[in-house]
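Q: As they're listed, the protein sequences go chains B and L. With this note's numbering applied, the first sequence corresponds to residues 1 to 286, in that order. With this note's numbering applied, the second sequence corresponds to residues 1 to 247, in that order.
Since the hints were derived computationally from the structure, they do not count as laboratory data. Among these hints, one or two may not hold up.
Stated by the list, open to error - Capping the alpha-carbon separation at 25 Å, the derived lysine to aspartate or glutamate pairs in DMTMM-like fashion look like this: (1) Lys231(B) <-> Glu206(L); (2) Lys97(L) <-> Glu171(B); (3) Lys166(B) <-> Glu19(L); (4) Lys135(B) <-> Glu94(L); (5) Lys141(B) <-> Glu94(L); (6) Lys97(L) <-> Glu84(B); (7) Lys149(B) <-> Glu90(L); (8) Lys31(B) <-> Glu90(L); (9) Lys169(B) <-> Glu230(L); (10) Lys149(B) <-> Glu94(L).
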Amino acid sequence: MKRFGQILLIGLLVVGISGVAFGQGSPTLDKIKNSGVFTLGVRNGSPPFSFINKQNERAGFSNDLAELVHKAIEKKLGKSIKLEMKETSPSTRIPLLTSQAVDLITETMTDTRARRESVDFSLTFFATGAQFIVKKGSPIKGSQDIAGKRIGTQQGSTNERVLREKYSKAELVTFPDQAAAFMALQQGKVDAYCNDGIQLWGLKYKSGNPDQWEVVGDYISYEPYGMAMRKNDSDFRGVVNAALMEAMEGGEYFKVYEKWFGPKSDVPYPMTPDVKAFLLYQVVPK
Amino acid sequence: MFGLFGLSYEFRWSVLWVEPHLTWLLNGLSTTLRLAAISWVIAVLLGIIFGAMRTASFRPVRAIATVYVEFFRNVPLLVWLFFWYFGAPEVFPEVIKQWFIHHGIEFWSGVAAISIYHGARLSEVIRSGIQAIPKTQLEAGLSTGLSLIETYRLILIPVALRLIVPPATNESLNLLKNTSLAMTIGVAELTFATRQIETYTAKAVEALTAAALIYLVLCLTISTIMNKIEKKYAIPGLIVRGTGAEH
């Protein structure tokens, strides 16, 4: 028993010292180093950012970027780290993060000031805005037509909040996930489904008959996507941001973009010069 | 600032009563109560009808009731909710479907799923109540000139309902709590409202505590009322509770 106590003490000391040497007080990096596991919060139904593909594997633009962060963490800690992915949803992701069940949320989470009160965000890695998806030929052509109409939303999303606050004449029907909301749209139980424009494009292409669906309207909100992490862990945040900056600077980010949004991808979504400039302006000098 | 688990969590209970959160909570509570009350009435009616049919001596009647009970109680309620919302309305003619869509289809699909599911479960409770009554009562009823239906309506069911108050209370509480599943088909009930507050404020502990306390108060109220009903309608000599063993 005494011996066990000594081993435990030495173990704690080693962990403590390495924590000082590497983490400099970063609870998340310490946790990853000690457990050897980096846990990502992902989605199974948000193509092309984070979803389960036809081969039944987790894939997506956000997942690929997270892979770059994973490599940066391994480099920083000097050891190989296992990457684990856990399913999240808009309403579960912040609790999962604060309870330490996941270390980083990388899917389609909009960076907002309200959310910054509970979590910290990385640099913006994608920017879009809320639009509507409707059956082709629908009278709804944008937010001006939604008064009195049944509009599907996802609980806990920023779009739902914008609709509730700015378009109170629309009748909101709120579902726990995208699959249920889109099913309701397909069956005509809602007249339109509101989500971030790019996600609606993803949904349209994944639906099997893309010609039947239209993404309509001007952006009714600004949705900058960031990776979310626990608050007040600036060293970990530094690693995540440095990985994103290096990927943007070195061009790796744009290769990943091309893979998911390029002309040959399922969801062609050319990057506007504005967005490209915005992304690059976030990269501070070395 | 860092608590026991190295986590900082600042409680902010006011998220529960600042507007619009309070309105969401009250609307959610009202939807839960309406959903539970309407579903409960239908479930009790279905329970009585099918529970009585399960005890019938005519085999086809018994068979119909058995099919209903086994079919509906052996599939999870969540599956029934999806069925009644995404499945069933599709087979109705377009006119009827459109009418429902514009008259609260989420709510009524929830009522259908919950009442039919719990009706099946309640009918088992009611069957056990009827079967606990000695067969001589049925025979006595028939011999006084009452028809079979009248014997059930005037003698067996009133007695059975008194016998089954404790298990029926249990089922009623389950029904009330199960209404929370209706949020999966877009019914903005109480759990939905608390999740909504949670996602707007990230104050999970406060929101979920509110949900837990409200359900607790509702359930305690129901069991108190049922207890009173049981005492008030008890038949002396037949159902005696809490007075010790009789010799």
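Q: Does each hint hold? Answer for all of them.
A: These are the hints, each one checked on the structure:
1. Lys231(B) <-> Glu206(L): holds (19 Å)
2. Lys97(L) <-> Glu171(B): It holds: about 18 Å lies between the C-alpha atoms, which stays within 25 Å.
3. Lys166(B) <-> Glu19(L): The given pair, whose Cα atoms are some 16 Å apart, holds under the 25 Å limit.
4. Lys135(B) <-> Glu94(L): holds (17 Å)
5. Lys141(B) <-> Glu94(L): The given pair, whose Cα atoms are some 24 Å apart, holds under the 25 Å limit.
6. Lys97(L) <-> Glu84(B): Given that 25 Å is the threshold and the Cα spacing comes to 44 Å, the pair is violated.
7. Lys149(B) <-> Glu90(L): holds (20 Å)
8. Lys31(B) <-> Glu90(L): violated (50 Å)
9. Lys169(B) <-> Glu230(L): Violated: Lys169(B) and Glu230(L) sit about 48 Å apart, past 25 Å.
10. Lys149(B) <-> Glu94(L): Holds, at roughly 18 Å.
Of the numbered hints listed earlier, those contradicted by the structure are 6, 8, 9.
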